[in-house]
Each structure stands twice: as C-alpha cells, then as structure tokens.
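Sequence lines, in order, name chains A and B.
Reading the first sequence from the start, the letters are residues 1 to 221 in full-length UniProt numbering.
Reading the second sequence from the start, the letters are residues 1 to 226 in full-length UniProt numbering.
The hints are all genuine.
Keeping only pairs whose Cα atoms sit at most 25 Å apart, straight-line, the calculated SDA-like set for lysine to any residue is:
hint, chain 1, residue 1, chain 2, residue 2
1, A, 51, B, 112
2, B, 212, B, 196
3, A, 61, B, 93
4, A, 98, B, 45
5, B, 158, B, 210
6, B, 28, B, 87
7, A, 130, A, 108
8, A, 52, B, 144
9, B, 42, B, 52
10, A, 141, A, 84
11, B, 54, A, 137
12, B, 143, A, 46
13, A, 90, B, 16
14, A, 51, B, 143
The calculated label-pair distances, taken between Cβ atoms and stated as ranges, are:
hint, chain 1, residue 1, chain 2, residue 2, range
15, B, 195, A, 188, 49 to 55 Å
16, A, 211, B, 105, 29 to 35 Å
17, B, 198, A, 188, 47 to 53 Å
18, A, 206, B, 176, 50 to 56 Å
19, A, 201, B, 147, 43 to 49 Å
20, B, 215, A, 196, 54 to 60 Å
21, A, 135, B, 41, 22 to 28 Å
22, A, 120, B, 47, 21 to 27 Å
23, A, 169, B, 195, 48 to 54 Å
24, A, 28, B, 81, 31 to 37 Å
25, A, 3, B, 156, 34 to 40 Å
Chain B is nowhere near these chain A residues, computed Cβ spacing over 12 Å in every case:
hint, residue
26, 9
27, 23
28, 199
Treat the hints as calculated values from the structure; they're not laboratory data.
Glycine included, each C-beta is placed from N, C-alpha and C at the ideal position.
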Amino acid sequence: MAEVKLHGRWYSPFPYRVIWALKLKGISYEYIEEDLSNKSPLLLQYNPVHKKIPVLVHSGKPICESMIIIEYIEEKWPQTPLLPSDPYEKAKARFWVKFVEEKAPAFWSLYRSTGEEQKKALKDSSETLKIVEEQGLGEKKFFGGDSIGIVDIAFGVIAHWFGVFEEIVEVKVLEAHAFPRLHAWKVNFEEVPVIKENLPDRDKMLDYFKKRRIESLSASQ
Amino acid sequence: MEKQNEVVLFGTWASAFCKRVELALKIKGIPYEYVEEDLTNKSVSLLHYNPVHKKVPVLVHNGRPISESLVILEYIDECWNNTPKLLPEGPYQRAKVRFWVNFFDHQIMARLLPIIMTRGEEREKAIKEFNELLKVFEEGINKDFPEEFPFLEGKTLKYLDIVVGTALCNYEAFHEVVDVVFSHEKNPVIMAWVKALKNHPLMKETLPPHDKFVDKMREKYLGQYP
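Extracted from the complex, chain A is given alone in its bound form (with noise of 0.2 Å):
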C-alpha cells in the first residue's frame, strides 16, 4: 500500500480533522509532530506558499489546506464517505465547511485579544454559533446525519478547541440553555470513538494556549 504521511503540530484543530477523516476510513498513516518555531525543511519542501500545517504527503506528493486534504482523502478513498453523494446535499455541506473557514478566525481572536477587538470577537463568535444553532444543525444529531461527516470534521474547531479558548478569557458563550442544538451536537461528536480517541489533552492545550495568550498581549505592548 502506498504510504501516507501527515505532518502536524499537536494543539492545531487543523490536522486532527485529517487525523479524523483517516482514521474513519481506516487509513494507516504516519505522523510527523513539527516544531512550527523551526519548521522542518520537508514541511518547507511541501508547502513552501504558506508554510504551514496540515500537509497530507500520499507517495511522495504533498497535498495542504486540510479541508483541501479532506476531499482529496474522500475522492482517494471512497469507504464510510464523508461527503454525501448527492450533489445538492454535497453542495450544502460544502457551504457549511467554507461557513466556518470564514467564521472561524473569530474564535482564534476571541483567545488573543483584549478590550474592544476582544469584545467584537466574542459578538462575531456568538453571531456565528447563533446562525449554526438556527440554520445549520435542524433536528439532526450531526450535519452529516445519523453519523458525522465533513461538516461535523470542520465543526471539530467548536466542539473542542472553542471551550478552551472560552476558559481563558473566562466567558460562557456555548452553553446548552442558549444553544441547545450545538451544544448537544457538542457532546455526541466528542463521544465519537474515533474523535474521543483522537484528541489533544485538554489540559495541556489549556495551559499552551494562556502561554501563548500572554506571549501574544506583550509582544504588542
């Protein structure tokens, strides 16, 4: 079989979306932890536009942008399909994903900022998860139906790392009383065997993303 390699950094919600859609096909790959203070020359090699991780590398050939990776993965191996086959509902999810690429950098902010930026972060983030609860989820126990799919792997990004960022800056905005759809989509997909078995310690991303709060607010003092 032909090999698979990622390469990824530990506390990044991006490759654990492909670390998800590999292990739900049930796909043998490699992973390679890099240091993105000294990114190594292959992941330089392999995404020289942006530098960044995720990268897939299927035989040799790189593939980045992980929800890029995840179709690629769809189309390369076809078994417990993440995509539905119907085009339309194809389409659908596939505006789900670009929803919360574009959505997505509020949360980031959310963590990083303070005062005014910080308190836009937190409208801009609620606005967000407020248009998911309403027009995303319906009655479904997951955007991909009865089990997950794409969107809920895209949605990773608030299931996990969202209630982190909210400790840090010590707000609640995802609770179930005011979004009683998202929050118990929350709660089904981290109990997901391949998500369960397949996520960052919570603890220590706690304690990496304060670090990297503090570091942030005085670097732009």
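Since chain A is already given, all that's left is putting chain B on it; use the hints.
Positioned in the frame of chain A, the structure of chain B alone reads:
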C-alpha cells in the same frame, strides 16, 4: 417525459463572483434565467434562498438554492457531467486546482481593497504585496500545471480560467479608477494569460462593458474612499 431542469441565477452585473457562475453556465451550455438583484433592496427571494449570508450569487436549480460561488461552480461541474469539465479528473490534480483557486480568492483578491483604501506610500506597499502574491501564483501554477499553463487562445475555459478571468480581465477599469497594479513587466505570465482570456468569446460575452464598469467602480469605491 421531459426532465425538469430549471436554473435561475441571482446576481449583480458588476460582481466577479456572479460572473464566475454565469461563465460556468455558458461553458457548459446550460440555459438559465438571470435575476439582477439590487443589493440596497434585496428581493424576498434572495433572502429566502440565502438566509445565512443574504448575498449573491445564488444558483437555484429546480427550486433548490446553492450559495458561495466556488461551491456553485463545483456543483455545476458535478451535476452537468458532460464535457467540458471545469475541474480535472484526478484527485491530486483536483486538490492542486482547489489550492490555487483558494489562494487566488483569499490571498490575491483580498489585496485589492487595501489598495483601494490607501494612498501614497501605504498604497505603493499594498500594490507591491499584490504583485508579489501574483508572482507566487504564477510560479505555483507553472510548477503544478506545466502542460495547461499558460492559457493558449482557443482553449476551453476551466475552473482557474473562470476564477482568474472574471476577476482580472477588467484590470483596465481598475487602472483607470484606482491605480495601475498589474503590468507585463511585473507579472508577464499572468498578463499574457489574462489578455488571452479577454479574447475568449464566452469571456467577452460575460464580462461587463468597460465604460459601465468604470462608472460603477467610481461610484462604489471613490464614493467611499475619496
């Protein structure tokens, strides 16, 4: 029994994102009805079909709406599975095309507004960044699609041609209203590509008329950033 195949496109004539969809429909020979939206007074239909973003373009196929121009393009390619295909067949080629389309939209297109909004040294810096990104794009496309690129006249338009052409073919209007950002000297390969795209009959048919577009740009941008 005749298969129902009703296609309606909600758009605005000056939007490159809407033009992408129109061009894709024309390339595939898909008959469609076009509805021009007034974004200062959005139609009930638009708000119903795109409640999340309330934006154009929206494609409505047999009553079902699809939003986001790139999502629409991939939908069109899959649904009307006849030649010509807009995306390549192989998964790795598709990943590369998606990567560069993404880069174009998020990196290159995103640099146009900073140019419009700034003046003097700040603008010069913004233009320089734009040219550098175009260079990265040129080199990347050349490396990843050595046989396809550069676009030769008479060729079938594909995904990248559609995205780049609808954005950059109106460069003369941008130069007239804002500033010269795009030249043969700085980005020869893309310039040659864009010039060839401008001459493609479907592109000519789809792009807004120069003078009308210039007036619209003046109104939109110089009004906001005098």
